[in-house]
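From first to last, the protein sequence lines stand for chains A and B.
Each residue of the first sequence is one higher than the one before, counting from 1 in the UniProt record's numbering.
Each residue of the second sequence is one higher than the one before, counting from 1 in the UniProt record's numbering.
Don't take each hint at face value.
[Claimed, not checked] 30 Å max Cα-Cα, derived DSSO-like pairs, lysine-lysine: (1) 111(A) x 225(A); (2) 100(A) x 143(A); (3) 100(A) x 225(A); (4) 111(A) x 143(A); (5) 134(B) x 100(A); (6) 194(A) x 138(A); (7) 67(A) x 111(A); (8) 111(A) x 94(B); (9) 67(A) x 134(B).
Quick caveat, the hints were computed from the structure, so don't treat them as lab data.
One-letter residues, chain by chain:
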Amino acid sequence: MSEIPAKAPQGHIEVRSFSLSYDSIEGPVQAVTDTQIHVKPGEFVSIVGPSGCGKSTLLNAVAGFLKPTTGIVTVDGERVGGPSAERGMVFQQYSLFPWKTVRENVEFGLKMRGMPRSQRERAARTLLGLAGLEAFEKHYPEKLSGGMKQRVGIVRALATGPKVLLLDEPFGALDAQTRVIMQQILTNMWQRLKISVLFVTHDIDEAIFLSDRVYCMTARPGSIKAEIPIPLERPRQQSMMMSSEFLALRRGLMSLIREESLKAMGGEINDLGMRGLNIELHGQSLAEVL
Amino acid sequence: MSSPAILRHPEDSMPATAIAETGPGPVATPPSFGTLALRWYRLNRSGLRAIAIGITSLLAFLLVWHLLTTYRVVFFVRFTNVPSPLAVYASFTKAIHDPKFLMHILLSCRRILVGFSLAAIVGVPLGLVMGRFKLVHEIIFPVAEVLRPIPAIAWVPMAIMLWPTNEQSIVYITFLGSFFPILVNTLHGMTLVDPVLVRAAQCLGARERSIFREVYYPASLPHIFTGLTVGMGVAWVSLIAAEMISGQYGIGYFTWEAYSLVQYADIALGMIAIGVLGLGSSLLIRGAGQLVMPWRAK
């Protein structure tokens, strides 16, 4: 652990009166509107919401890839102006550099910082050891399984010792078994490094299992519909997912999301003209049928 | 749930017992040369088959060529004056001891080397910069698109006017032939770079220059090498045409001169030499590609 750049446990994320719209031929389209969220230092916070609600947009704004139309994003009081190594990011598509070996991928951030080769090699090996990937340091990413790729992705993002870790549906492309293991690995790393995490997912179980707090977003234009603290004790075990406490949280979040998903789908279905598809609703509204 | 388990059971256990029974065998006595050879044969059977058929097919081609020329077949196509494979072989054995023939080949290779290298040195960086900076693309692309469809051979008269020596104009035509495929493919590679990789590099602290070197360039390499391979092919086409029209030396000139001097065997010899040189240079590029892109090695 001594090889990992030590940083004071910071990483206070603040998003205030945030909105983001983009131009289209029909005028500005509101993607996210009037949103406030925060992540305390060392806290694990998830954002869930129906697809297309703008949760990834929000995350990309915190990463610095998108500029808010109104409002402000700060980390430790400093305004986010663009991407930086202070905010590590993990992508759903792994986004490892195919032309670099596993170790070279992990070293990348340290190389950008100008760390000498021997030093960053040692740091990368230590980190890969933590993720159980030492044996694969010389492999190219193409040869790895999805779960291994994403472990490399997480380790790569952590290598520079960022203040916060941003994850955009990182386990969305993995099978169910691998996903559970990855969640456990992520929790372990988070607890050891005491880093703030902002995690975007559409998987409710995942959000509850991992987080201290969950934000639930509305359908587009997205805003925060609810903020749910997760009081489950840590360390968390897979068995907790059957506990009545967990199931109650799950039911609550489920109904919140279902409401928003229906809103999102309702619009779509009207647009497509359900009547043309000859679907009889027996006088019921779509929401009732579903 | 129970039936798959029952079905799987014997499959799972059988290899285990098989290993347990035969396991010590191979460890104690290494397999004999005969078994090794047999295994090697089984693993490479399809490759060996392809080689065998390939050799047979080439021999058949030579045989047909031999028969057509020996009997001077005239059937729309006239084989009356076409040299036989044996005649070509005879002129080959004579030519390899002839310093003039070797000089023709060396000169052609030098022209390719200079023209093609210049095209790569200009085309690859230009393509990379055009792919990265919109303004450069907007300025250069229209000119390139107008010039690109003009075959390099059509440049011959203009090249003779432009350049003080014949040698320079031939190299220039070789350059032109390979330049556009290299430029266009490099540019194409740049447009296909995954933007998520660029973002990944950015939030690992990479600045513009590093992103260019560490992401855009390696991501475009496969297409750059496609461009180099195509460019090398077109370079030979352009070179041979230029040598036939305006050259004094070179393998293209040798082939054309052989026709003028009624040395028919040398025509075929020149053609085969051009084919072998073209094949060799594209193999060189493929080898270089594998060296530069180890992650793409299968």
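Query raised in the report: In ascending order, which of the hints set out earlier in this document are inconsistent with the structure?
Result: 1, 3 and 8
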